[in-house]
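**Student:** Sequence:
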Amino acid sequence: SNLTDKMGAAELDMSQTPRGAKRAREFETQEKADVAARPRQISIVLTGGPCSGKSSIMALIRDRLSKRDMQVVTVPEYATHFFANSDGFQGEWVGTKKEEDLQHVFLNYQIMQENMFRDFAALNSKTSVLLLDRGTLDQKVFTSDVKIWEAALKRNNVTEHQLLERYDMVMHLGTCAKVGDYEWGPGSNNPGRYHSPEEAARLDAVCEDVYKGHKQLRMVPYCKFFEDKVELVMGYLQDALHVDGLAGKRQRVTVRLRAAAVPPEVQHHAQAFVITSTFLDEAMQNSIRRRVRIGVDCWCEGMRPESLSIDEALAKDCLSQSEMFEEREAIPEENYLARRVISKVQYHKIAVLTRQEPVDRCVLSFQDQSGSHYELFYIKNSAQRELVLDLTVGSSLPDWLEPEHSARAKPHPRWPEECAQEARVRKLGRH
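Numbering (our numbering), first residue to last: 603 to 1033.
Calculated directly from the structure, the hints in this document are not laboratory data.
Ideal placement from N, C-alpha and C gives every residue a C-beta, glycine not left out.
Some hints here could point you the wrong way.
[Said to hold, decoys possible] Simulated restraints, written as ranges between beta carbons of each label pair:
id, residue 1, residue 2, range
1, R906, M718, 40 to 50 Å
2, D671, H763, 28 to 38 Å
3, H870, Q692, 54 to 64 Å
Turn these sequences into a full structure, and let the hints guide you.
**Tutor:** Written out as structure tokens, the structure reads:
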């Protein structure tokens, strides 16, 4: 505050003279230029009761946005960080001074954590999307008494309104517990989930209530088909970020280049990735996936079957900064794919235990002048480099591509039963 007071006094002194007025204007102009030069940041909170699909949706958002040259920064849930690295929450704390101290620690930590992630995101020149696995106000949901929550606010010198103002958008993901499609406890698909269906539904309603004052609250209800829920989330993101192709049906068509190479202007703005999928079972419902960013020139060189450019790129340690790892599980009865971001160490521990051969899909991600998003890929493991274009239904082919003779557009594989045959042939499928 002393530094701020000194700066204010200096500006006042400068404004009292013609020369000071000029310096003040110069300062103001420079300040505006600095603000304009800062990378754009958008913070989005994902909240909701247990079994609302936060983990899968966060992984999906991160995957889709990073392909569009955005930096996605995921801010982890604060309580898990403490409980997973200690003896956990102690029952005797409830309603006591210790719970008040705990809530003070949590709120103080979460505010600091969010600030540090924002500062870190600002180091990157890209537009940054901060995805928060619960925000500060979620803490109120899990506090035993409103007085304890109010004490935490007071000790951190902050109000609920100020906490709401920290976020650009809040997405409330509805839990399946409200419609009876909920599993918990030993013997379920999630033995670690300890909330009963009634508790989960109650927590979901409280999560909605604490964020109801946010001007950009988006309600995403439970959907029978998880893909429908994903489409709602992506639609909200597409409107907020003005990014094409996040929502809407997509299709794939086999294509070929009209000329000898991808046009230089496309290469200049494109991104290239190698996506390695490894199935863990014969039914091909569980898999792990690694996505590595490579050079566009490397992708182009890799179109020749005899080329070793992709293998050489994957062998470079310098690419570890641009890797992302996921664990995936297809759930046929619910028609969706559960996704979870995992660490590099977890990925390699699982990979060494599987007997299945990995499949490498080499993807060129680009947009045309109208903003339509495309992904052009080939399978590295195949003897021939057949090019397949993934595009939004209704979009036209880029003028430098043409469909292969007899090729017809096929829907983007979404459900396991729709892509079983393709998966058996190429071990690719929707994974």
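**Student:** Within 54 to 64 Å or not, the Cβ separation of H870 and Q692?
**Tutor:** holds (58 Å)
**Student:** Return holds or violated for the Cβ distance of D671 and H763 against the range 28 to 38 Å.
**Tutor:** holds (35 Å)
**Student:** In this structure, is the beta-carbon distance linking R906 and M718 contained in 40 to 50 Å?
**Tutor:** holds (45 Å)
Comparing the model with each numbered hint stated earlier shows that all of them hold.
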